[in-house]
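*Asks:* Please take these sequences and the hints and turn them into a complete structure.
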Amino acid sequence: MLQTRQPVLQRYWNPVIPSDKVTDKPVGLRYFGVEVVIWRDSHGSVHAQEDRCQHRTAKLSGGWISNDAHGEGLTCPYHGWRYGA
Numbered sequence: 011m012l013q014t015r016q017p018v019l020q021r022y023w024n025p026v027i028p029s030d031k032v033t034d035k036p037v038g039l040r041y042f043g044v045e046v047v048i049w050r051d052s053h054g055s056v057h058a059q060e061d062r063c064q065h066r067t068a069k070l071s072g073g074w075i076s077n078d079a080h081g082e083g084l085t086c087p088y089h090g091w092r093y094g095a
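Residue numbers for the sequence shown follow our numbering, beginning at 11 and rising by one.
These are calculated hints, taken from the structure and not from any lab test.
Hints may be right or wrong, so weigh each one.
[Claimed, not checked] What follows is a set of in silico ranges between Cβ atoms, one per label pair, in the way DEER data are often shown:
| id | residue 1 | residue 2 | range |
| --- | --- | --- | --- |
| 1 | SER52 | PRO28 | 19 to 27 Å |
| 2 | GLY94 | GLU45 | 14 to 22 Å |
| 3 | ARG21 | TRP74 | 12 to 20 Å |
A quick note: this is a predicted structure, and the numbers were derived from the prediction, not measured.
Glycine is no exception: its CB is placed at the ideal position from the N, C-alpha and C atoms.
*Replies:* As structure tokens, this is what we get:
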């Protein structure tokens, strides 16, 4: 039985990537058929969200993590929109 083929399992927490693989750059992956980006903030917390910018659907995994006077978040590589945790 492949876990990713069981829709009921999507409602539970599941490991997706080893923690040491999430460093200072976003990591894109496909999980349960959904493109996901995993990233770590400056406090060491790991965040996951859909890997697409709401503006132009660019992959956020191609962006970078910003931390400045405007706050911290994942920045889209296309137009620079920033997504917080």
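*Asks:* Take the hints in turn and mark each one as holding or not.
*Replies:* So, going through the hints one by one against the coordinates:
no., hint, result
1, SER52 / PRO28: 19 to 27 Å, "holds (20 Å)"
2, GLY94 / GLU45: 14 to 22 Å, "holds (19 Å)"
3, ARG21 / TRP74: 12 to 20 Å, "violated (32 Å)"
Hint 3 alone, counting from the list given before, is not met by this structure.
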